[in-house]
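The letter at position 189 of the sequence shown is residue 268 when you use my numbering, and the numbering goes up by one with no holes.
Rather than coming from a laboratory, the hints here were simulated on the basis of the structure. These figures come from a predicted structure and were not determined experimentally. One thing to keep in mind: the hints can contain errors.
What follows is a list of derived Cβ distance ranges for each label pair [as the list claims (entries may be wrong)]:
| no. | residue 1 | residue 2 | range |
| --- | --- | --- | --- |
| 1 | 91 | 192 | 24 to 32 Å |
| 2 | 165 | 228 | 17 to 25 Å |
| 3 | 107 | 167 | 24 to 32 Å |
| 4 | 143 | 275 | 41 to 49 Å |
| 5 | 243 | 111 | 19 to 27 Å |
| 6 | 267 | 146 | 40 to 48 Å |
| 7 | 243 | 145 | 21 to 29 Å |
| 8 | 278 | 81 | 17 to 25 Å |
| 9 | 139 | 228 | 19 to 27 Å |
| 10 | 217 | 272 | 34 to 42 Å |
| 11 | 141 | 164 | 13 to 21 Å |
| 12 | 239 | 145 | 44 to 52 Å |
| 13 | 277 | 217 | 36 to 44 Å |
All C-beta atoms in this analysis are idealised placements derived from N, C-alpha and C, irrespective of residue type, glycine included.
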Amino acid sequence: MRKREAKVERVTKETEIKLRLVLDGTGQYKIKTGIPFLDHMLSLFTRHGLFDLEIEAKGDLEVDIHHTNEDVGICLGEALKKALGDKRGIKRFGFACIPMDESLGRVVLDISGRPSLHIKSQEISLRSLKEEKGYIFEDAKQFLLAFITSSGINMHIDIFQGDDAHHVLEAIFKSLGKALDEATRLDERIRGIPSTKGAL
Numbered sequence: 080m081r082k083r084e085a086k087v088e089r090v091t092k093e094t095e096i097k098l099r100l101v102l103d104g105t106g107q108y109k110i111k112t113g114i115p116f117l118d119h120m121l122s123l124f125t126r127h128g129l130f131d132l133e134i135e136a137k138g139d140l141e142v143d144i145h146h147t148n149e150d151v152g153i154c155l156g157e158a159l160k161k162a163l164g165d166k167r168g169i170k171r172f173g174f175a176c177i178p179m180d181e182s183l184g185r186v187v188l189d190i191s192g193r194p195s196l197h198i199k200s201q202e203i204s205l206r207s208l209k210e211e212k213g214y215i216f217e218d219a220k221q222f223l224l225a226f227i228t229s230s231g232i233n234m235h236i237d238i239f240q241g242d243d244a245h246h247v248l249e250a251i252f253k254s255l256g257k258a259l260d261e262a263t264r265l266d267e268r269i270r271g272i273p274s275t276k277g278a279l
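Construct all of the structure, not just a fragment, from the sequences and the given hints.
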């Protein structure tokens, strides 16, 4: 069986990123984006998704985190798409609902080739979530949007409750790891590409 892994490099006037992703890993990671809170979230994503992930990023953080944050998302999405290849035999759909203390988040996704991101909060106002060490909820949203756009994922995120931004984001990134692990798994019962169209 082909080893499902990919390397991506991205160099612009704003960022320089090297990333390696192994889908069938053990949860090992070496992540240096220059954004400590993003590093923390990606380590949770990797550990609970049982991927292996290496990221080394340099960006214009003296301006702000926007370019680096977004470009890391782009690279991770590109690596996922490359590692999956034609998507033969994958389960395609994934779901996870994870608590983090008072917070509860759910991620449901479809590796459909048609990217879209939908975030719904039932109990709290996302605007009320306080800044977390220079990383706000909008930053996480922009990272996820870059990731799903470059990987071709349709993702729904539900935040059922939570009043601590750190806990809410932990619940989301852990859920994303678990859901993506499920969706990328190979199922021997699936013959070919999991779509009636014959392509994803």
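How the hints compare with the structure:
1. 91 x 192: 24 to 32 Å: Given a distance of about 25 Å, which is inside 24 to 32 Å, the answer is holds.
2. 165 x 228: 17 to 25 Å: Hint holds: Cβ distance 20 Å, inside 17 to 25 Å.
3. 107 x 167: 24 to 32 Å: holds, 26 Å
4. 143 x 275: 41 to 49 Å: holds, 44 Å
5. 243 x 111: 19 to 27 Å: Because 26 Å falls inside the window, the suggested range holds.
6. 267 x 146: 40 to 48 Å: holds, 42 Å
7. 243 x 145: 21 to 29 Å: holds, 24 Å
8. 278 x 81: 17 to 25 Å: Hint holds: Cβ distance 19 Å, inside 17 to 25 Å.
9. 139 x 228: 19 to 27 Å: holds, 21 Å
10. 217 x 272: 34 to 42 Å: holds, 35 Å
11. 141 x 164: 13 to 21 Å: violated, 38 Å
12. 239 x 145: 44 to 52 Å: violated, 29 Å
13. 277 x 217: 36 to 44 Å: Roughly 38 Å apart at Cβ, these two residues keep to the hinted range, so it holds.
This entry does not satisfy hints 11, 12, going by the numbered hints stated previously.
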